[in-house]
Amino acid sequence: MSSDQRLPVRRTAKLYVGGQFPRSESGRTFEVWSGDGRLLAHAARASRKDLRDAVVAARGAFGGWASRTPYNRGQILYRVAEIMEGRRAQLEDELRDSGADDPAGEVSLAIDRWVWYAGWADKIAQVAGGANPVAGPYFNFTVPEPTGVVGIIAPSEPALLGLVSRIAPVIVSGNVVIAVASERSPLPAVSLAEALATSDVPGGVINILTGSPSELVPWLAAHMDVNAIDLTGCPDELVADAERAAADNVKRVHRAGEAAQHLSEVTAFVEFKTVWHPMGA
Amino acid sequence: MSDLERAAPARPVMPAWEYAPAPESKDIVRLQDRYGLFIGGEFVEPKSGRWFTTIDPSNEAVLAEVAEAGEEDVEVAVTAARSAYVTAWRDLPGSERAKYLYRIARALQERAREFAVLESMNGGKPIKESRDVDLPLASAHFFYYAGWADKMEYAFPAMKPTPLGVAGQVIPWNFPLLMAAWKLAPALAAGNTAVLKPAETTPLTALLLGEVIQQAELPPGVVNILTGAGATGASLVGHPDVDKVAFTGSTEVGKQIRRAVAGTSKHLTLELGGKAANIVFEDAPIDQAVEGVVNGIFFNQGHVCCAGSRLLVQEPVFEELLEKLKVRLGTLRVGDPLDKNTDIGAINSRAQLQKIGELVASGVEEGAVIYQPPCDLPERGFWFAPTLFTGVSQSHRIAREEIFGPVLSILTFRIPEEAVEKANNTPYGLSAGIWTEKGSRILWMAERMRAGVVWANTFNRFDPASPFGGYKESGFGREGGRHGLEPYVRLEPVS
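Protein chains in written order, with my numbering: chain A, 860 to 1140; chain B, 2 to 496.
Don't read these hints as lab results, they were simulated from the structure. One or more of the hints may lead you astray.
Unchecked claim - Computed, partial: chain B to chain A, Cβ under 7 angstroms:
hint, residue
1, 259
2, 260
3, 371
4, 454
Treat the numbers as computed from the prediction; the structure is a model and nothing was measured. Don't be surprised by glycine CBs; every beta carbon is placed ideally from N, CA and C.
Please work from the sequences and hints to get the whole structure.
Dropping the structure here:
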């Protein structure tokens, strides 16, 4: 049997929650089509319950991830870049199928973004925190700490770079995330999840849901155990309601440029803690 | 309070010190009968036509009539602020903005006693606190941010800061002048103009600050001060030409404001309530810890968002600490805010007194054990004796809700992990206190507190260079330090 007669094995596109790959508990899927009209997959359409499960997984992973040394977190982010580099071909194919302008360029930028943020891990506190010269006999310093569980609505385009650009700056400081991927092009997110599962990122630190952002945004914004939301990819007509819902537990709300790369994307999801201690002999 | 019995003191308190009255003179304060709104550099009559009285909470005497700003007044003030922003302030060199702020800082130093007396008259806080804490810090805050005005490009790495425009700022009644300084100084330094709404019960020092701003010859409209109550604040926050909203106050109102600005492009920072744990380990210097606990909850009658209102004591030292606390409570002098020996002044308002009474009653009903030292409270005015609760469980309302009064709930713990668990078991996250002689434990605990300010072997320290603000439902954004500039600027990456 020659190779062109062999029937390829198709992949089931699933959610990524707590380091596992469940289907949606709702049993729902949605069709993913290529730009040229091929049916690419039936991706899992995450439900409100899947979202809640993801929040539980994320909260469970928060303490361990936040308490790792920044050096260790930096190495783990760098490791994601390593794994992605080995999966370039798959990621480029998926971006090409989704109609991306420059699949190879986008994959390169996404990989380099992990590398860039990886290097921030053990520098954030030095640049964003510091010692405060108070008028009294006290040692006083301010350190950035992760906000906690962060919900992300990733931009619909660029599907891979947009998602990586939202996740990497959030987790580098020790936060954990639930990211809702591009609805139009969910497959690069599924492949990213598979790369993450074989990297050193602990299960639950990054949870990726595919499905309808419009359906999930209200539940994410209202969830009382989510500390912050990134509405970068949130449809404009849903932003006001999401911000209103976010008031219930005083969530931090952030919207960024779709592919922004800056320290400010990290500090948007940190809390500054200031510690005082008297000085005396 | 009459429905609650006062327990007998633990043992005879210290030798009965007799303190002669030592009242600070009120002569330095020149009260007006009526105060208008401070808009466009002038004190003006309110278009609303409405006025309200402001009182001295220690004796309920009327001090003055104050204008109540209505929607039309908000409109005029925001327009004045916008105009000043565009024509006078935004493009003024930072070095010149700085000099205006230095003038304000100096004027507050020069008139510190006048401000302190007025603050204690209108708010009920002891003169030694308004004199030694509120006024020096308010002046220092202007001085600190004055120095930033011409150094903004150094504040944010790889970012270019530009001012936001008009800031609408709503402040509370517990540190009236100091909160005005916390709001105005960074806003003005960064090049914004402001409309400030002081709290309904404590408008007078903010209005006196208006006079200082006038005398400092700030361009008219750079600072506008609108007195009024919640409706005035809501109008200001909701005004479409306000670019930035900054609020300090209750978590409940903070959430309302968050909803009100949802879907707009307004920038928002919130400094809200707290229910801080003050944690005493068995190896703590007990006498120092007692002073820290007392300062933590009775400073400013407990009207402090970061007050150490939940005392967590490690079991081996619980009895000893409780005994010493009771003795110390017996020495606290409650009374005339203007008496230089007073430790605990008047409760700020009748409404707040009722809220404290209601929560304390719930503590008794839910089974906690109340202790109050014998103390004579004045007949007129609003007063509450320093209060301790023991036998408190985490589910009691007095352990969960912000009381904002001189009421301490005491819980115990056995191991550090339990202290961490209990300290963080609250939707709030503003502050925490740690008392131990063990350095590694201080840092271990400090790292685990989900709170924006951690005081170790001290409590209730503030400084303009020190960022202040909350985690979780205690709000977001920081005031003080370099971090305190960020809420007042738009940041663009330097390409």
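Violations among the numbered hints: When the structure is compared with the hints, only number 3 turns out to be violated.
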